[in-house]
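Residue numbers (my numbering), protein chains in the order written: chain A, 1 to 324; chain B, 325 to 648; chain C, 649 to 972; chain D, 973 to 1296; chain E, 1297 to 1620; chain F, 1621 to 1944.
For the record, the hints were derived by calculation from the structure and aren't laboratory data. Accuracy of the hints is not assured; some may be wrong.
Unchecked claim - BS3-like, lysine-lysine: derived pairs with alpha carbons at most 25 Å apart:
| hint | chain 1 | residue 1 | chain 2 | residue 2 |
| --- | --- | --- | --- | --- |
| 1 | D | Lys1038 | D | Lys1064 |
| 2 | D | Lys1024 | B | Lys621 |
| 3 | E | Lys1532 | F | Lys1841 |
| 4 | A | Lys297 | E | Lys1517 |
| 5 | A | Lys297 | E | Lys1348 |
| 6 | E | Lys1388 | E | Lys1362 |
All of these numbers come straight from a predicted model, not from anything done at the bench.
There are 6 protein chains.
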Amino acid sequence: MKKQMIGSLRIGDEVETQAVVLEANMTAFSAPHRAGDHFLRLVLGDVSGRIKAVMWDPPAGDESVKQDDVVFVRGSVGEYHGPQVVVSDIRKLDPEKVNRAFFQPVSARDINEMTAELNKVIEKDIGERHLKKLLADFFSDETFMRGFARAPAARTVHHNWVGGLLEHTLEVIAFCRSQAEQYPHEINLDLLLTGAILHDIGKIEEYRQDSISFEFTDRGKLIGHICIGKEMVAQKLDQLPDFPPNLRLELEHMLLSHHGLREWGAPEVPKTIDAFALFHADLLSARLNQFTAVMGKHSPGSGEWTEWDRFLERSIYVPSEGEK
Amino acid sequence: MKKQMIGSLRIGDEVETQAVVLEANMTAFSAPHRAGDHFLRLVLGDVSGRIKAVMWDPPAGDESVKQDDVVFVRGSVGEYHGPQVVVSDIRKLDPEKVNRAFFQPVSARDINEMTAELNKVIEKDIGERHLKKLLADFFSDETFMRGFARAPAARTVHHNWVGGLLEHTLEVIAFCRSQAEQYPHEINLDLLLTGAILHDIGKIEEYRQDSISFEFTDRGKLIGHICIGKEMVAQKLDQLPDFPPNLRLELEHMLLSHHGLREWGAPEVPKTIDAFALFHADLLSARLNQFTAVMGKHSPGSGEWTEWDRFLERSIYVPSEGEK
Amino acid sequence: MKKQMIGSLRIGDEVETQAVVLEANMTAFSAPHRAGDHFLRLVLGDVSGRIKAVMWDPPAGDESVKQDDVVFVRGSVGEYHGPQVVVSDIRKLDPEKVNRAFFQPVSARDINEMTAELNKVIEKDIGERHLKKLLADFFSDETFMRGFARAPAARTVHHNWVGGLLEHTLEVIAFCRSQAEQYPHEINLDLLLTGAILHDIGKIEEYRQDSISFEFTDRGKLIGHICIGKEMVAQKLDQLPDFPPNLRLELEHMLLSHHGLREWGAPEVPKTIDAFALFHADLLSARLNQFTAVMGKHSPGSGEWTEWDRFLERSIYVPSEGEK
Amino acid sequence: MKKQMIGSLRIGDEVETQAVVLEANMTAFSAPHRAGDHFLRLVLGDVSGRIKAVMWDPPAGDESVKQDDVVFVRGSVGEYHGPQVVVSDIRKLDPEKVNRAFFQPVSARDINEMTAELNKVIEKDIGERHLKKLLADFFSDETFMRGFARAPAARTVHHNWVGGLLEHTLEVIAFCRSQAEQYPHEINLDLLLTGAILHDIGKIEEYRQDSISFEFTDRGKLIGHICIGKEMVAQKLDQLPDFPPNLRLELEHMLLSHHGLREWGAPEVPKTIDAFALFHADLLSARLNQFTAVMGKHSPGSGEWTEWDRFLERSIYVPSEGEK
Amino acid sequence: MKKQMIGSLRIGDEVETQAVVLEANMTAFSAPHRAGDHFLRLVLGDVSGRIKAVMWDPPAGDESVKQDDVVFVRGSVGEYHGPQVVVSDIRKLDPEKVNRAFFQPVSARDINEMTAELNKVIEKDIGERHLKKLLADFFSDETFMRGFARAPAARTVHHNWVGGLLEHTLEVIAFCRSQAEQYPHEINLDLLLTGAILHDIGKIEEYRQDSISFEFTDRGKLIGHICIGKEMVAQKLDQLPDFPPNLRLELEHMLLSHHGLREWGAPEVPKTIDAFALFHADLLSARLNQFTAVMGKHSPGSGEWTEWDRFLERSIYVPSEGEK
Amino acid sequence: MKKQMIGSLRIGDEVETQAVVLEANMTAFSAPHRAGDHFLRLVLGDVSGRIKAVMWDPPAGDESVKQDDVVFVRGSVGEYHGPQVVVSDIRKLDPEKVNRAFFQPVSARDINEMTAELNKVIEKDIGERHLKKLLADFFSDETFMRGFARAPAARTVHHNWVGGLLEHTLEVIAFCRSQAEQYPHEINLDLLLTGAILHDIGKIEEYRQDSISFEFTDRGKLIGHICIGKEMVAQKLDQLPDFPPNLRLELEHMLLSHHGLREWGAPEVPKTIDAFALFHADLLSARLNQFTAVMGKHSPGSGEWTEWDRFLERSIYVPSEGEK
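The shape of chain A in the complex, shown without the other chains (with noise of 0.2 Å):
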């Protein structure tokens, strides 16, 4: 059966199709005939977008829907202060078994290319031996690099896919070797590409894995991916008792200053060249992306401008091919 998509629902539709629950709240009835009974409020969603729900007899115990379950429902849509859908069933999927392309967006490159790609930079660009026993490490690890191909580089704003840590941290390589090129004497490139690679590692925790809404873990909401980052590098380097002091020194120091600024939620500012360029690296790739996901969801019938972002600030003006 094809999927019905959560986005293109309209008043009056009838439902069957399955979603991800990203919100779920039993509220109590107050007129008094149903004294003591609950209906259940919902917001479903998938990949084309959200829309509230409502069931009137919701099931209970074991069959209890709750937030991040992927279910089927079945129902039709009314109007409750915008469009709602008015679920008659609703039952648990397996999130193993279903079709997790329909409820997170995925990188638009192939995951496994990208792999690819990082590994060939740890192995042919990296001549350090230290930074590279580090780099080989941690991406040896099945585990973590399941994690690391998987996760993505923000909620919100940019990267914010499946395989999106990945394909951001290949773009802020390509930003650093920019900047190598231009200032090779000062910029410690093997330092710099490490940095890169490592940055973000603290995304992984910092979302749940098997959330399919990224949700923030705990952790993730009291720790922050910076000082989680810092910390996996941490445990890694007191493992290897031969990594030198000052290098490790100036590596967790670009993986606490990478957001540059304290505003931004760098406890230290770049004090190396290293850390300041892997700064800029990381700032160019995220407002870029930032930047074409604005044109990516304009659709190139309704004029030249795009809908106000209220992000950047601005609509952004994307003149038609035929120009170009």
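Model the placement of chains B, C, D, E and F on the given structure of chain A, informed by the hints.
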């Protein structure tokens, strides 16, 4: 011999005193007949102030002086862009044999008394056994305790003296307690006091312990006391396998967020009531100490207004005693 | 009859309850056959929440309802941009005869108990006779005392309930005391406590005392509680010719500067240690109360994270009791 | 004898002139043979500038000099961190007998003429009888009028001279009138002009009237001219029982809000059109005066660009006359 | 037929009126039986307000409607997230034949009268011959004059109506004159008035002249009225070879800097007194107009406080006439 | 004769060298016996630094010296608020005959080589014929090319040397290319490279080309390089009637918006992907150059931390080579 204090040297004075070398630079002569020779430009200091100095024929080799040395100097005060000591004789002293009180300001409170007060808090007031154990592990370590008892709480602005960290920590404890008295149901006092005691331990590694002028370590400048402190706690906790994971998460969050705002260097903002209370207790101690320090430097004879303080961006009105 | 609470009304419910009129607008019909007629759009509220309402044939003349009236309403809940009561019957009630506790949130602490606690501070803790006299003059005035005991400390954000000003004042007193314990030589406790007690008295005139919804007075919006409070103090002091002029200056300065920063509405920044301490005590009470209010609205069943709070700009992590 | 102007003293000059003492500090000698003795460090000034001075054997007792004294000095200009007068002789002068024009800059406009212009506004242009009475009560008070006519409008930045307040007030009146011409239906001209005339009267008490260097009073620093001015108006209004309460509210609001933004020191932002217009008239007068003052200090011979002005954060382009 | 105004349409009304299409989107049906079909979502407006509309069987081909069309619509007002017209019939009208006054707000002042007033300024008040010639060249061009006389001064906030640019320009002229009266020696009145007249001419090209809803042109969004205006002046000046180069420089600077601050869009800050005065005159006109517009929308019956204005970030106090 | 470098002059040195006059002021003597006479205060400089100078009997008439003259000076270094040359002899030199390399820092890269590299980009990499023609028109103009090749990219902060504009432009090209490699479908490489090449051409007119100290032109200060550059492009485009209007719009937008943010001087923010990429390439080149310049001034012997840089607001950690 009574020590001449640097702060009271005036042009025309003869100098025979001890000082700490705050800055030291060898400079080449530009005059042709001295080509190849160097002279030494210094900044000398003690608790009372700092002064420029110059020596035309400085000692070389093992006897050469460098930053943070304690020295005996003989010379006279001339004028070169302000008062400057022309040094005729300089000798390094054994830093262990000088009276450090001449070079480092020391807390007005007795360090042993403060140590006892802190230990009492740990023993009497912390009931939760995991937290008590963690604190005991830290403070029963004599090296740690010695470092903790001597470190300043900052290099400028507040509690910038030997014992300052300890003094500041006791104030933070008091302000935490005061908040817990008002909000006893919301605040977890055991956890809050533990956070108060540990919040600034990273300072011990942020400043060079052997430095008479509280120099930053490279690690202090590149990682910062917030992340160093969290790391110190993490290492101790790794050795306490029974420590409840959520308690660890909350405690680490408190250390990371105690500066309160990203622009003040907190990688995360406080997201628990205990972290929020700790931030405010720290703020209160730092700000009051800074304010009273400006009052302390004011001499009653010069009217009721202190000099302009560039950190507080104001003069302070200090009414005369009679009035009070 | 048990009162139906506004916050639990749901679409389809029949309504027979009391409410306060938060907004009331007469609107002309646009349909030609009702030309010249008006209907009434309302917002009704009580301590539990607020709801829209409409009445097609509203009472006129003396029986017409306006903002801040307490009314009995009968009707049913329909839907128009969300739930809306269609009112069939509405009658004004004598505000003195209704149970105000249904319409105004009240402090969790007993008001008489708090009043006694405050009076004890004035009698026992303030030694300086001029300050004691000033306070006595204020608090022995029954009208003043009644206003003080009932006023909220703010309309939103913190202590926004009957008795809130008194409750907040006692917290500020506690935080002032705590600072004086740490800095006993610098702080003038008598003066600081006097400032704490009087700092927000302008609130009594900033909100309409007879308003069930704590409406601002025109004076409150055009002059503000800071300048009103200073004026109230000035008027009392004009009747105390012996009051030392410098003490008066310091006290007036404390009232004017207690918001701490110009951008927070302080016409002057604190320039005495007592004004500085008062500012921080006020800040601490307001912030902690705001933080715990968000915690208080969180239902333990819905996980460990509260909803996003737009004033604090964060969700709060509230660990479950077991853990604590 | 023609007065030597401070601003044109150069190293090597002999000095015999009058000056006002801007700062005065007695300092102990550090050299042992002068133990117990003191010398006097001074800053001397007049309308043309300021210079450092030192006196090794200063007069004591009744003849000792302090800040704000007008003195006769004899000495010569040496060098010590820039030019410094070594004073051989110093004598206090009767401030009433010196030519204040040497020490205080004075408005370029005639003070009597400006006073007449202001009085004409009150008599001719204010029709509303309560406002007219209020103004008459103020300006018929000779002490008030004398203070008003002599006070500066600020200590730095704009109209910082004797008569500056009066000159600034007339400009604000003109800019208020100009706004009322454009928005005659919205603006209440009588009220706006009254606000313009009274908006800065707090300045009279913000600066010491007997101070040659426009020293702040304690009250000026702790209460500020905005709240002082409102208080002065309130006291006069208390004596006018017929004054309409709402008019009083609006007028007091205008005084409190005339700085326009909280961060510029306004306890309330302007919430009436008249308060809004007053704020802009005040802004315009202050800014234009500040801009033209920088132009006025520019000597035509040194090109078309003034020196950098740190308040305006720019150099100003002043095209030569011919061009204009 | 009397036009039904959009702003007074209420749910249940029958609609037969003219409107301008503010937004128009063709949307595919999601219901299977309408696959391939589209419906039309609209926003319709006139001077009185705006309303959503939907048409299930919209006209196609030449008769299809798009943004900025003026149309006749027939239908009825239903409810879908607020009032929405369900359109049964829609027809495009010839924009030249409708009464534009229904769709575009127009200045309260007569446009011819304002044009005459402006021309008089050019003829009588500008003495410098090069400036007079430049202005004459602009305003003798009928196409330019027509555009200038019809353009608004802004799309929102202030003078946002037909003739608004002209009305705003006359106000700016008045505020410039007022400044020149106070600072006659510093200000070059001829130049200042010329700058006032030309400062916003870029607006003519910033908004589409044929657009009933003052749509931005692409050029308006990508270049902006400041640089467009400077370019328009530069083109005219290229044809006046005798124009003094320095005068040109000053005039171009005035246009570029009239927004005053970089963050307000000025590529350069004002560096001449005339540019500085122009900036303030523009600011005053824009701000007062914005403030009085909020007052104008306030109905006297609903009390003395206007609704909250999100641009001014305040409610305005409008005392009732009697009081005034 | 080997040139004495200004930066190594010390008090007591005899001076016989060439210098550029950075500032020159004639000042009247205040001492009575020199009434009517003037002396000359100077600031002299070369690539190594700057020093104050004074000449008591300066040459007059044709031989008088002014800002930007290159001179031969003879004298000796005394002390007056720091080192100051007392000049006994001064003579103007023909600026064409001196070795400019003594007075102006020059790019470390060969200018001819950079010119060739730029020309190759224009010839090989720009395919779009209108853009290629536009660039050819600019760079085939020898006067333009000479100006472009010699201009600095800024007066301070980054690439502030002869050839700096060219060097900076090549870096910007490289960073543009790097972005286009990552986002090839979104970015129009021909347009982006054209923008990169032309983005700073306004600098040629912003600094006086004949000025040894890169003085600003009046036009540079009043119009700024952004608007000058746009104007230069517009003039060339007016001669290319076939140039597609939309391409022109996009190109002009890129020039206007390349500073990225209004507060950084951009009259418009980047609204196309190419403008956005150009902004980031420019930012990257400027920031890295600024960072490495601080590193370049650091002498390896003085430890691993550079001096505090007030623009970057930090010291930089430069690990010693061995470590790297």
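Going through the hints against the structure:
1. Our distance criterion of 25 Å between C-alpha atoms is met by lysine 1038 of chain D and lysine 1064 of chain D, whose separation comes to about 9 Å.
2. With a CA separation close to 24 Å, the supplied pair lysine 1024 of chain D and lysine 621 of chain B stays within the 25 Å bound.
3. Proposed proximity of lysine 1532 of chain E and lysine 1841 of chain F is supported: the alpha carbons are some 23 Å apart, at most 25 Å.
4. Taking the CA atoms of lysine 297 of chain A and lysine 1517 of chain E, the gap is near 20 Å; set against the 25 Å cutoff, the hint holds.
5. For the hint linking lysine 297 of chain A to lysine 1348 of chain E, the alpha-carbon distance of about 24 Å falls within 25 Å, and the restraint holds.
6. A C-alpha spacing of about 9 Å is found between lysine 1388 of chain E and lysine 1362 of chain E, which places the hinted pair at or below 25 Å, so the restraint holds.
Every hint from the earlier list agrees with this structure, and none is contradicted.
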